[in-house]
Amino acid sequence: MTATRSITTSGSTRRTPKPAFTRKPKNTPGDKAVGAFSHTVLVIWSLIVILPLVWTLMTSFKTTKEIFASPFSLPANWNFDNYVSAWTQEGIGNYFLNTVIVVGFALVIVMILGAMCAYVLARFKFFGSRAIYYLMLAGLTFPVFLAIVPLFFVLRNIGLLNTLPGLILTYVAFALPFTVFFLYSFFKGLPDEIAEAAAIDGAGEWRTFFQVMLPMAKPGMASVAIFNFLGLWNQFLLPVALNTDKSNYVLSQGMASFASSAGYAVDFGALFAAVIITIVPVLIAYVIFQRQLQGSVSQGTMK
Amino acid sequence: MTAAGADPGAAIATTLGPTGSRKAAGGRRRKLTVDYVTFMVVFLGLPLAIFLIFVIWPFAQAVFYSLTDWSGFSPNMEIIGIDNYIRLFNDDIFMTALWNNVLLAVVVPLITIVLSLILATMVTVGGPSHGPIRGLRNSSFYRVVSFFPYVIPAIIIGILWSQIYTPGGLLNGILGLVGIDMFESFPWLGDERTAMGATIFVIVWSFVGFYMVLFVAAIKGVPAETYEAARIDGAGRLRTALSITIPLIRDNIQTAYIYLGIMALDAFVYMQALNPGGGPNNSTLVMSQQLFRTAFNKGEFGQASAMGVVLAIVTLIFAAIVFIVNRITGGKEEEGRS
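Protein sequences, first through last, are from chains F and V. Going by full-length UniProt numbering, the first sequence opens with residue 1, and the numbers climb by one from there. Going by full-length UniProt numbering, the second sequence opens with residue 1, and the numbers climb by one from there.
Among the clues, some could well be false.
[As the list claims (entries may be wrong)] Take a look, some chain V residues computed to stay more than 10 Å from chain F by CB distance:
(1) D35
(2) D69
(3) M77
(4) I79
(5) M95
(6) L103
(7) I111
(8) G168
(9) V178
(10) E192
(11) T194
(12) A304
(13) I317
(14) T329
[To be verified] Pairwise CB distance ranges (calculated):
(15) F:V266 <-> V:I324: 45 to 51 Å
(16) F:W78 <-> V:G190: 29 to 35 Å
(17) V:G197 <-> F:L57: 22 to 28 Å
(18) F:I50 <-> V:T329: 35 to 41 Å
(19) F:P215 <-> V:I93: 53 to 59 Å
(20) F:F37 <-> V:G179: 21 to 27 Å
(21) V:I93 <-> F:I158: 16 to 22 Å
(22) F:F72 <-> V:G81: 39 to 45 Å
(23) V:T33 <-> F:G93: 49 to 55 Å
(24) V:E192 <-> F:F68: 23 to 29 Å
By construction, these hints were calculated from the structure, which means they are not laboratory data. Even glycine gets a Cβ: it sits at the ideal position worked out from N, Cα and C.
Next comes chain F alone, as it looks inside the complex:
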């Protein structure tokens, strides 16, 4: 295997150009078998992913009685009653709004603060910069669960327990290490000459950052923002522990309390409708932006 690897060190193009004189080779039976097998496996997995979602969509139009009658029957009336009652009576609309506020503010703040902190750590040498870097590492490695009990009292002491600003601050703090780490390598990779040119042109540190370095970091910022968005949108533990006032619930905890509320008296039709309401906006955004998102994943893996 070592021999094979030594051949490959040069060049990294994915597709080698085909010489003009080759015949078009036929697929061998083996190729066809492997291809068919691969397609079968992938189709089965795709079905395992899609079927539950389609079933949820269908069920979200059924009444609770219909749901208990049979998992497959089509709804008798295709109307949006379940959606209306989920949005208004069950408070999903309110949770949705809270989530948009919390995630929106937290995302903007953490991107700005994270970029600033990563920039300073990556491009300035000063006493303690390594220590701060490793402190961030610690924050990233330890489970949030270790912090959750004291965090509850920290927020209570500063009067931000059960408030949206308190939740936003906590989100920012816990998304910060990841943001800083990702952007750290990004800012490190930017060429020095440009910062120097800006300095020679008389730009101060502030202007250099906002007008020169930050625009250059846009691709990195976009990737981190996507992952932060998904992470914060999914956040469950922090709100459940720190945001127990029902009118401030975010979507994830609201859904959890809805699903478990009163055990059996749940309006299942509305529950499925609420699930669809939660999934669909992000899913649509994903399908639109999936190229960028998958680009971000690959950007993270290969430098």
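Knowing the structure of chain F, use the given hints to seat chain V on it.
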């Protein structure tokens, strides 16, 4: 091909290795102008203050509280040393939870990574054995669809699957359709024998797509010539996957293993959605659930903090084991620090 972070876990893995020092810092000595001082205060001070107050300070406090019998709402507490820890290890329920976590941390990453590697290999290099190395047709469709679960909040995934698993849910419906009647009205999450397996499947379901995309990116980073050389040497598909793909992307696999393991050691969201009470006979109870209950329902904050410390230590041990195993099996000296 670095294992730098596309997700929190990837970042964790990267930073555990000495990545940060790869390039020389571009810093030079600067004069202490007003511009520079305000810049440093705002740019470094502000984020750092938030980070210290809301992340590091609670971590430090948790370690201290774990040595006390604090109940949270009374101001007086006594330092009782390691009594909390001794109680934990004599507590059968907590030990059950600990073992469930260990089981999850071993099984979930293994299944997820094997499955996503198989799918990623099929998508990228599963094409015909002539001409350029290529994947299957329509492979991007599979990639897009498999990624769906990653954009759905974990709690929703849990709720969704708990409905699928109910006795009258989708799963038993499908099994009935294909003629398997023995599971009629079988409570998948309510039976001790299946609750854990069903739970593991849900977690795997939600992560396979993400790691498939990650591995697809990694495999595409391998030069095509490598695969061509292997083909000329007469290596079959299985051989190529085992001897070329896996060794060349092992850093990504390590990253994935650590991230999935850390997630499995927490697993709070999934468990809370699928079986909030810890499952039949505590068969799906995990440490995080027990911690949450001890702290916020029972008000035993000292005891709960001790659980948090145990959880953190188990997490660190897990990450260390993955690194050591990878090193012993030859990951590092073969690859160098890539």
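Going through the hints against the structure:
A beta-carbon of chain F is positioned within 10 Å of the beta-carbon of D35 of chain V; the least distance is around 4 Å. The claim that D69 of chain V is not at the interface with chain F holds, since no C-beta of that chain comes within 10 Å of its own (minimum 14 Å). Against chain F, the non-interface label of M77 of chain V holds: every CB pair exceeds 10 Å, the least being about 12 Å. Residue-level check passed: I79 of chain V sits 16 Å from the nearest beta carbon of chain F, beyond 10 Å.
The Cβ of M95 of chain V lies farther than 10 Å from every Cβ of chain F, with a closest approach of about 18 Å, so its non-interface assignment holds. With a closest Cβ-Cβ approach of about 18 Å to chain F, L103 of chain V is found to remain outside the 10 Å limit, as its non-interface label requires. Even its closest Cβ contact with chain F, about 13 Å, leaves I111 of chain V beyond 10 Å, as expected for a residue assigned away from the interface. Distance to chain F contradicts G168 of chain V as a non-interface residue, since its nearest Cβ pair spans about 6 Å, not more than 10 Å.
Listed as outside the interface, V178 of chain V is consistent with that label: its C-beta sits roughly 13 Å from the nearest C-beta of chain F, beyond the 10 Å cut-off. The non-interface label for E192 of chain V is consistent with chain F: the shortest C-beta to C-beta separation is roughly 21 Å, beyond 10 Å. Look at T194 of chain V: its CB is around 17 Å from the nearest CB on chain F, clear of 10 Å, so calling it non-interface holds up. For A304 of chain V, the requirement that its beta carbon stay farther than 10 Å from each beta carbon of chain F is not met, with the minimum near 5 Å.
Distance to chain F confirms I317 of chain V as a non-interface residue, since its nearest Cβ pair spans about 12 Å, more than 10 Å. Consistency note on T329 of chain V: stated as away from chain F, and its beta-carbon is indeed over 10 Å from all of that chain's, at 14 Å minimum. For V266 of chain F and I324 of chain V, the Cβ-Cβ distance of about 47 Å falls inside the hinted range of 45 to 51 Å, so the restraint holds. Taken as a hint, the range 29 to 35 Å holds for the pair W78 of chain F and G190 of chain V, whose Cβ atoms sit roughly 33 Å apart.
Taking the beta carbon of each, G197 of chain V and L57 of chain F are about 27 Å apart, inside 22 to 28 Å as hinted. For I50 of chain F paired with T329 of chain V, a C-beta distance near 37 Å keeps the hint of 35 to 41 Å intact. Evaluation of the 53 to 59 Å hint for P215 of chain F and I93 of chain V yields a pass: the beta carbon distance comes to about 55 Å. Separated by about 25 Å at the C-beta atoms, F37 of chain F and G179 of chain V satisfy the suggested range of 21 to 27 Å.
Distance hint check for I93 of chain V and I158 of chain F: the Cβ-Cβ separation is about 34 Å, which falls outside the suggested range of 16 to 22 Å. Our hint of 39 to 45 Å for F72 of chain F and G81 of chain V is violated, since their Cβ atoms are close to 60 Å apart. T33 of chain V and G93 of chain F have their C-beta atoms about 51 Å apart, which keeps the hinted 49 to 55 Å range intact. E192 of chain V and F68 of chain F have their C-beta atoms about 25 Å apart, which keeps the hinted 23 to 29 Å range intact.
Violated hints, listed in ascending order, are 1, 8, 12, 21 and 22; each of the other numbered hints is respected by the structure.
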